[in-house]
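> Hints given; two lone chains; assemble the complex.
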Amino acid sequence: MRKVRMTLSILTMTLVTLTAMSCKDGKKDGETTPMSNEMHQDEGHNHEGSEKMMTNNSGNNATNAIIDNYLQIKNALVADDQEAAAKAGGSLFGDFKNFDKSSYSSEEKQELTDIIEDAKEHAEHISESPIEHQREHFDILSKDVIDMIAITGTDMKLYQDFCPMYNDNKGAQWLSATKEIKNPYFGSKMMKCGEIQKEIN
Amino acid sequence: MRIIKIIVLILLVAFVAIQFIPASRNISDTVPKTDFMEVNKVPATIQNKLQVSCYDCHSNNTDYPWYNKIQPAAWFLEDHIKEGKDELNFNEWGDYSARRKNSKLRSIISQIEDDKMPLDSYTIIHRDARLSETNQKEIIKYMNLLKNSL
Chain Y
1 MRKVRMTLSI LTMTLVTLTA MSCKDGKKDG ETTPMSNEMH QDEGHNHEGS
51 EKMMTNNSGN NATNAIIDNY LQIKNALVAD DQEAAAKAGG SLFGDFKNFD
101 KSSYSSEEKQ ELTDIIEDAK EHAEHISESP IEHQREHFDI LSKDVIDMIA
151 ITGTDMKLYQ DFCPMYNDNK GAQWLSATKE IKNPYFGSKM MKCGEIQKEI
201 N
Chain U
1 MRIIKIIVLI LLVAFVAIQF IPASRNISDT VPKTDFMEVN KVPATIQNKL
51 QVSCYDCHSN NTDYPWYNKI QPAAWFLEDH IKEGKDELNF NEWGDYSARR
101 KNSKLRSIIS QIEDDKMPLD SYTIIHRDAR LSETNQKEII KYMNLLKNSL
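So the sequences go chain by chain: Y and U.
Residue numbering for the first sequence follows full-length UniProt numbering, beginning at 1 and increasing consecutively.
Residue numbering for the second sequence follows full-length UniProt numbering, beginning at 1 and increasing consecutively.
Honestly, the hints are just simulated from the structure, not real lab data.
One should not assume that every hint holds.
[Unchecked claim] Pairwise CB distance ranges (calculated):
| id | chain 1 | residue 1 | chain 2 | residue 2 | range |
| --- | --- | --- | --- | --- | --- |
| 1 | U | A98 | Y | K198 | 20 to 28 Å |
| 2 | Y | M156 | U | A14 | 27 to 35 Å |
| 3 | U | I21 | Y | N60 | 46 to 54 Å |
| 4 | U | E78 | Y | I196 | 22 to 30 Å |
| 5 | Y | M165 | U | S121 | 29 to 37 Å |
| 6 | U | K82 | Y | M165 | 47 to 55 Å |
Think of the CB as a built atom: it goes at the ideal place given N, C-alpha and C, for glycine as much as any other residue.
Here chain U stands alone, though its shape is the one from the complex (with noise of 0.2 Å):
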């Protein structure tokens, strides 16, 4: 019973020291002129939908839930943010070259054809996240014009 106790006195103080190690944060409050919406006329209904479902991980600005300022899920979530602005920033839209943008549009609607994105493990926190299969039709036939227009 001591044991334990000491274990869980030992964690709980971990748990709190995480808590002051600085994380970095994922804002920005200015839209470059190379943003997607910027070089490209998006559709007001697509705006929003790519905003509220893709902007998170795929621009410069988090629109954060409150669970970011705990550790470890705020570790959690800014490797996610990374990994998914590696792949594709929506912010530098403008800087890709046309064979960029092409491979790009391909594999956003590839992989929203597929229900791989947005993440189910971003989905299940996010419900205003989730696509429906009009969105997803919507963003798709957007994206292959603009892809056809390149």
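If we strip away everything but chain Y, and leave its shape as in the complex, we get (with noise of 0.2 Å):
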């Protein structure tokens, strides 16, 4: 009888451990599937956004969709809110993979690639990280949508910022619609740092 216990409980401890691991697949493809029904909803808001506008994927109205979704995660780290930084990540992250580059010449297309690769993957992990990671990420997925306006141009006006205390004492930049400083970097911390670089536009 002994014996038998003893199968007994080594075989329920293999089931544990079964189940236990069948579980966290399970809700790992649980955590997985939102992500992509979000992302779907996300290419299926810019289908309608093309559709009115003939011409959301390229020019102008493509760069402009990046820049909002860009200014919406400023607003939300300046803002110390990191699920809202998270959401336009996820959009910013469509906007880009669904960026037309058909019209720029080939040496432009090369950089706009680059660039690109670069910042989805910015704009992913911004999608799913807390807060101090976030601001890492936008940090660098900042001058990448520097460099792509550099390319592409936008008719928005927009002002170029730098916080020289971030990344220690490295500095880093940003983009903003408002004149007046409101930091991304530190929130509400140190609401106040920084400058004006740049005017675009």
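In structure tokens:
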């Protein structure tokens, strides 16, 4: 009888391990599904836009969609709002993915490909990270978006701001649609830190 | 009592059955020209540390532990490796643009600084993959140098 019990308990342990593992797997699936759903929704959203504007994926409209979502991330980080930043990060990922480079020269295309490859990753990370990581990725993303605008141009009025303290005093740039300095890297801790480097348009 | 026996039997059969589902393996015996170590002049100590602590999940060749043969543990591993390679593949370093190299280096530095990498769930079994504080400092210093030379 003791032997039977021993075998039984060993088997139960195997069972528990198995169930635990399959549970974890299931959970992971559950986590990824809403994400991809969200992305599909975003794509759907973009399609709606393209129907209205016909050329949503190219030229100024595509750039403006990117800038819009970028600014939403920026505003969320200014407000120390991780959730809103994550949501805008997801949308921005979709914008980059759908960006149509066909109207640019081959040199510009290459540059844009590099920028978008990089920026997509940062947008994705922003959509799933805690706020301090979001800010790190936002720093590099800002550089990407600034470089992108240098190629694509935009009709939006933007301010290129600089915070000298972020990233161990190496400094970090960001774009804003308003003149007033509102720091996305420190949020409420140091709202006014920074200066305008350049005005775009 | 009989029901328990039946359940156990079913589970046992299931456990055996899943062992026969073919699993993909992350194994490659060639090191491409684009590998991090080929592209950069990496000091031997850092090379060794990166191989042991990072390459299992961040390259095309995993030095598999014994339990990779047993399902469902093997699926878990494959999942982790796929995710790791998507994020950063040292074998493909030479193919990354300067912009991406810069991003990757920054992430490598920040992940190591924050003790996020290598993952705890990995080092709990791979004790030799743990990075001491000295290891961390050395790697961070080297990655910073590399970043500034881009």
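> Could you run down the list of hints and mark each one as holding or not?
Hints, one by one, checked against the model:
Taken as a hint, the range 20 to 28 Å holds for the pair U/A98 and Y/K198, whose Cβ atoms sit roughly 23 Å apart. Checked against the hint of 27 to 35 Å, the C-beta distance between Y/M156 and U/A14 comes to roughly 58 Å, which is inconsistent with it. In this structure the supplied range 46 to 54 Å holds for U/I21 paired with Y/N60, their Cβ-Cβ distance being about 51 Å. Under the hint 22 to 30 Å, the C-beta atoms of U/E78 and Y/I196, about 50 Å apart, miss the expected range.
The hinted range of 29 to 37 Å is satisfied by Y/M165 and U/S121, whose Cβ atoms lie roughly 35 Å apart. Here the CB-CB span from U/K82 to Y/M165 is close to 38 Å, at odds with the stated 47 to 55 Å.
Consistency note: the structure conflicts with the earlier hints numbered 2, 4 and 6.
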